[in-house]
Amino acid sequence: MNVTRRQFVKGGVAAFTVTFAAPEFLSDLARAQGAHTRNFVVLYLGGGNDALSMLVPYNDPFYYSRRPTLAVPAGQVLQIGRDSSNVPLGLHPRLTGLRTIFDAGRLALIQRTGYENQSRSHFFGTDIWSTADPNNSQEFGWLGRYLDALPQPVNPLVGWNTTSALPHVLSGQTAVPAIASPSGYSFASPNSGAEATAERNAALRIASHVPVDRPELAFVYGSAQEALATLDRVATVATYAPTLTYPNTGLGQALRAVAGAMVRGIGTRVFYVTTGGFDTHAGQQVNATNGAYYNLMATLNDALLAFYNDLRAQGLFEDTLVLSFSEFGRRISENGSQGTDHGAASVMIAMGGRVNGGIYGTAPNLRIDPSNPTLENASGDVHWETDFRSVYAQVIDAWLGANSAQLLNGNFRKPGLTFV
Amino acid sequence: MAITADRQIEHLLRRAGFGARPDELDTYGAMSIPQAVDALVNYERVTTDVDTLIGRPGYVNVTTRGQFSPQTTIVDSRQRWLFRMVHTDRPLQEKMALFWHNHFATGYNKIAGALGATEGARYMAAKATEDPGHVRGQIEMLRENALGNFRDILLNIAKDTAMLVWLDGRNNTRALPQENFGREIMELFTVGVGNYTEPDVYAAARVFTGWNLQQLGNAADGSRHFEFFYNANQHETSAKTFSFAIYPDGSRTIPARSAADGMQDGIDFINGLAAHPNTARYLAAKLYRFFVNEFGAVNVTFVNRIANVYLQNHYDMRAVMREVLLSPELWDDGAYFARYSWPVEFGIRALKDIGWTGFSVNDMLTPLANMGMVLFEPPDVAGWRFGGQWFSTSAMLARLNFAAQLAANQRFNVATAVRTANAAGSPEALLAYLSTALASAPLSTAVRGELDAYLRATGAWTGSDTQIQSKAAGLVHLVAGSPEYQFQ
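Residue numbers (my numbering), protein chains in the order written: chain A, 1 to 420; chain B, 1 to 488.
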């Protein structure tokens, strides 16, 4: 033990891969040295993900009768077993990578997540999933509130948003930098040499004169200040060269940057990534190779698989949790345009080195019947079973180390929902 | 570069336009505010077609890749619109076009994905006069109706080819009604969220069944194109009942009609939405945010007054905008610079303030995207959001970097302007001149001190050409990239 300890100090803890089976002191020490922190990546599937095409109840005859052109044939799903109500389920056939992660026990699927009277509006719905409050779509985002509650002052890179605009879920008093591309995050000047340096110094000093009495102007000052303060550390992320190739999609490249930030250890705890196109009203093409939904699954699968493999290679998977959300699921019956309209409950996925993989919650029964409790809206939509705030509560309590009852303004903890 | 002391005219042109060129300051500076508002809303009096100026010397450049073809190439469509924003003498028309583009936010990519890239540009931006099939793209429809009647705009948008693709109306059929357009016309285009029910969404979808597309013309001469047609065979003919009044008598039910007459359903519904008091209020609130003030709560007095003007004038936007631009809320001291500039507003104003000779609007496209704004590609059907969300760190860097790019590009023009104005003699003179020319929100003493320190940072003041070319460019960068300059 003492030999090992000397080696740690000499070689640096980060040189070791901290595995789940490693003695507890080892990962504690690593964290104490700042080499390992718990990373949380929130993944927004924009447009309303069609849960029934992602996680298919392939034995339900109503799935096939209500989706004559969109249903995934039972023989093509990637079977992953049965849920607690004994319904057999399969992943979309393009999600081969996610099945690998599922088989490794590091992917959780949480069925029928939503809330009562779910909004079918993209914008209102996204606001609600962001604030975690169906009655207040305008307050700060739940992750913004989490960052605000951290001991101050926080590292200006504590959050990292990979899109150019601030997502509502990260809104708060803590400014979160938007870094779509680490290599493009730089300071230009019309001059060079000493003149350019003088300009950058002037810009830095100007940004420090935050006007306290004008909140809107102060906000823009804060943004400029934070941009200039983070340039150099972000530049180190731009140099990260993973040993594998990430797909050349927005999501793939965003996750590549996230992995780089983790590897460089710049102190970020919360990352936001997104991929869109899930608003499949028409021509959803679930099954056709390169069809619309098929491609959505390809984008999701390939990016997450690359991220999974990269983080494992870097010894960071243990310290990472990814959680997806989308503003709503889609209607059960397909419409006349081979698509699906806005619906209600959907599925969330969680991936990470300490995820307790498996299927959580129960599948809907798609039979049209007013007494069918798994459906709502005249059996048009899937009814929620797990409040989405219960999922957030588990992440907050078990992963982020904060108090969910405080952050969510209520106790939404749900027994058995121990996916992490 | 130009100097003006007319604070009110500059405020008006930042809001009703995209800032002021020197000649605009001269033109409007000679008018009283009511006269200027009158000129802005009656823009048809200006007969020059701004498009005829494209490519002429003295104007901002466009970059051509072979033939300049804004009716078939979206990059050129974007360049044409940016050119118009700089050089139009009808600034309110282009500003309203942006307002409507944001209101009926339609994205090129989906159109292009469905119909092909050239067709996508065509249905977004072609002018009827330049298209072999006389296609009038969506932005042209909105420009032509910039201060038209809101009911007519709604009817036009419901029949607009790009919209019928964007919100899937082209697939709305009797057997399986398509809800996308039916929902968004209520949620985003008229009454707003919370003022309709889920059954209203189903009913609205049924109202627009059969509002589809047909293909006309022939491929040989390029006139083949899609356009709206009412497909009676696909119309669902039963009655549709809403939770709100559709007709002036308060009736909430659109009666059952024969398929042949069924197009009237959609017209009745649009009439009902245009007349709905919540539409009036929804539009008034959005106009307040866009034209008047983004800080604090929406002014209820303003909303009530403008909503009444809208209803009393039967949805005539010219009457509405005249009231908006003359409203005491706009002329309140607190409204000056009380709006975050959108990326195109920032970029175009910077061109007008700093100079454009030798600059191509093509070189703004990537910076604008980095600031979070691609014309004809709003983030979604709700459009770009109001508020501080434009100012993420990377977007702020993109603004600073665009200011640097433009300052480098205009280095010699700026230096010449400085010489002409006799502003090269001292750091104080240069700072006084450039901070006035760039008309930002007032700079604090501390910030002016930093700018002054910058001018003195790298050596003694000589006023040489070399020094002015670097210091003036650096100062333009710092002022146009300052937080104060990001407001209008």
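These are calculated hints, taken from the structure and not from any lab test. A portion of the hints provided could be inaccurate.
Ranges between beta-carbon positions, derived for each pair [said to hold, decoys possible]:
no. : chain 1 : residue 1 : chain 2 : residue 2 : range
1   : B       : Gly296    : A       : Asp148    : 18 to 24 Å
2   : A       : Pro370    : B       : Gly113    : 37 to 43 Å
3   : B       : Asn308    : A       : Ser183    : 52 to 58 Å
4   : B       : Gly358    : A       : Ser186    : 50 to 56 Å
5   : A       : Gly276    : B       : Asp261    : 37 to 43 Å
6   : B       : Ala239    : A       : Ser181    : 51 to 57 Å
7   : B       : Asp363    : A       : Ser181    : 15 to 21 Å
8   : A       : Val210    : B       : Ile33     : 52 to 58 Å
9   : A       : Val212    : B       : Asp363    : 34 to 40 Å
10  : A       : Ser181    : B       : Asp152    : 51 to 57 Å
Where a beta carbon is used, it is the ideal one built from N, C-alpha and C, also for glycine.
Now the hints, each set against the structure:
no., hint, result
1, B:Gly296 to A:Asp148: 18 to 24 Å, "holds (22 Å)"
2, A:Pro370 to B:Gly113: 37 to 43 Å, "holds (39 Å)"
3, B:Asn308 to A:Ser183: 52 to 58 Å, "holds (53 Å)"
4, B:Gly358 to A:Ser186: 50 to 56 Å, "violated (25 Å)"
5, A:Gly276 to B:Asp261: 37 to 43 Å, "holds (40 Å)"
6, B:Ala239 to A:Ser181: 51 to 57 Å, "holds (54 Å)"
7, B:Asp363 to A:Ser181: 15 to 21 Å, "holds (19 Å)"
8, A:Val210 to B:Ile33: 52 to 58 Å, "violated (34 Å)"
9, A:Val212 to B:Asp363: 34 to 40 Å, "holds (37 Å)"
10, A:Ser181 to B:Asp152: 51 to 57 Å, "violated (43 Å)"
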